[in-house]
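Using the hints, position chain B against chain A.
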Amino acid sequence: MSAARPTSATVTLHRALYAADAITDAAATFGDFAAFAVHPQGEHYVVEIRDIDREVDGDVVAEFCNFALANTAIRRKSPHA
Amino acid sequence: MSQTQIDTLDAATSTMTLSLDMGLYPRDVLYAAAYVFLDRAYVLLDRVDSRYVVHLRGKQKLDETALRAMAGEFSNELLAQALRLRVAKANQKIIEDITTLAIAGAGGMPSGDRDPALVDLDQPGEDGFLDDPLGIAEPWEAKKKDAAS
Numbered sequence: 001m002s003a004a005r006p007t008s009a010t011v012t013l014h015r016a017l018y019a020a021d022a023i024t025d026a027a028a029t030f031g032d033f034a035a036f037a038v039h040p041q042g043e044h045y046v047v048e049i050r051d052i053d054r055e056v057d058g059d060v061v062a063e064f065c066n067f068a069l070a071n072t073a074i075r076r077k078s079p080h081a
Numbered sequence: 001m002s003q004t005q006i007d008t009l010d011a012a013t014s015t016m017t018l019s020l021d022m023g024l025y026p027r028d029v030l031y032a033a034a035y036v037f038l039d040r041a042y043v044l045l046d047r048v049d050s051r052y053v054v055h056l057r058g059k060q061k062l063d064e065t066a067l068r069a070m071a072g073e074f075s076n077e078l079l080a081q082a083l084r085l086r087v088a089k090a091n092q093k094i095i096e097d098i099t100t101l102a103i104a105g106a107g108g109m110p111s112g113d114r115d116p117a118l119v120d121l122d123q124p125g126e127d128g129f130l131d132d133p134l135g136i137a138e139p140w141e142a143k144k145k146d147a148a149s
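For the record, the sequence lines run as chains A and B. Using the numbering used here, read the first sequence as starting at 1 and increasing by one per residue. Using the numbering used here, read the second sequence as starting at 1 and increasing by one per residue.
To be clear, the hints were calculated from the coordinates, so they are not data collected in a lab. Treat the hints with care, as some may be off.
[What the hints assert, rightly or not] A few chain B residues facing chain A, derived, Cβ under 8 Å: (1) Leu24; (2) Tyr25; (3) Arg57; (4) Ala71; (5) Asp132; (6) Trp140.
[What the hints assert, rightly or not] Restraint-style ranges between C-beta atoms, simulated for each label pair: (7) A:Pro40 x B:Val87: 15 to 21 Å; (8) A:Thr24 x B:Arg40: 22 to 28 Å; (9) A:Ser8 x B:Gln60: 42 to 48 Å; (10) B:Asp39 x A:Arg76: 43 to 49 Å; (11) B:Thr99 x A:Arg54: 48 to 54 Å; (12) A:Thr7 x B:Arg40: 22 to 28 Å; (13) B:Pro26 x A:Gly31: 50 to 56 Å; (14) A:Glu55 x B:Ala106: 25 to 31 Å; (15) B:Thr99 x A:Ala37: 42 to 48 Å; (16) B:Lys93 x A:Pro40: 27 to 33 Å; (17) B:Ser50 x A:Thr10: 46 to 52 Å; (18) A:Ser8 x B:Gln5: 31 to 37 Å.
Please read these numbers as outputs of a predicted model, since none were measured by experiment. In this text, a Cβ means the ideal position worked out from N, Cα and C, and glycines have one as well.
Excised from the complex, chain A in its bound form (with noise of 0.2 Å):
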């Protein structure tokens, strides 16, 4: 099954949603998994992920994402949170 998975995708991440270290720490965290190269387009950064290893278990864009959305909301230092 992990035969069938890419080993490239581009993701594109809002640049009023995501912050750009959030988005480079995430990649550092992943850079065992996957190639990670990161530049701003327009209103997005666009992430291009190349090498994904297959035989990581998990599905690394989509964890990826969510490492990004996680280290910019903790950035961002809610009052509340």
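Leaving out everything else, chain B in the frame of chain A:
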């Protein structure tokens, strides 16, 4: 009509897209609500015109009923977080004051500011502290000595 609405729903892939009015919920509320769902769903946020778009995909297989239930829970979480934010803002000053007092109390006052004595030692009787009309403060040994002699 609906402030939070299901735009797409696909039970085959356990995915769903919600959208909500940006003017209704602050961004921090959206983050807080989304954060709650990170352990059971993959969440991707986006913005289209004046609406936030929330893409959700269950980490486990979810049928249509479960997806609709999740959409309802997300809406509830938005409301709960909005209220939480409002209460936190309303009590911000009180929280800061209490925290300041607690920290100051734990650290103790600087020695220069400390009141040297609560009782005026020159005239202790005026403070009422040394008034002892019933003789309670008299040492027990002294009483026994008097009784023995």
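**Prompt:** Can you give the numbers of the hints that this structure goes against, from lowest to highest?
**Reply:** 1, 2, 4, 5, 6, 7, 9, 10, 13, 14, 16, 17
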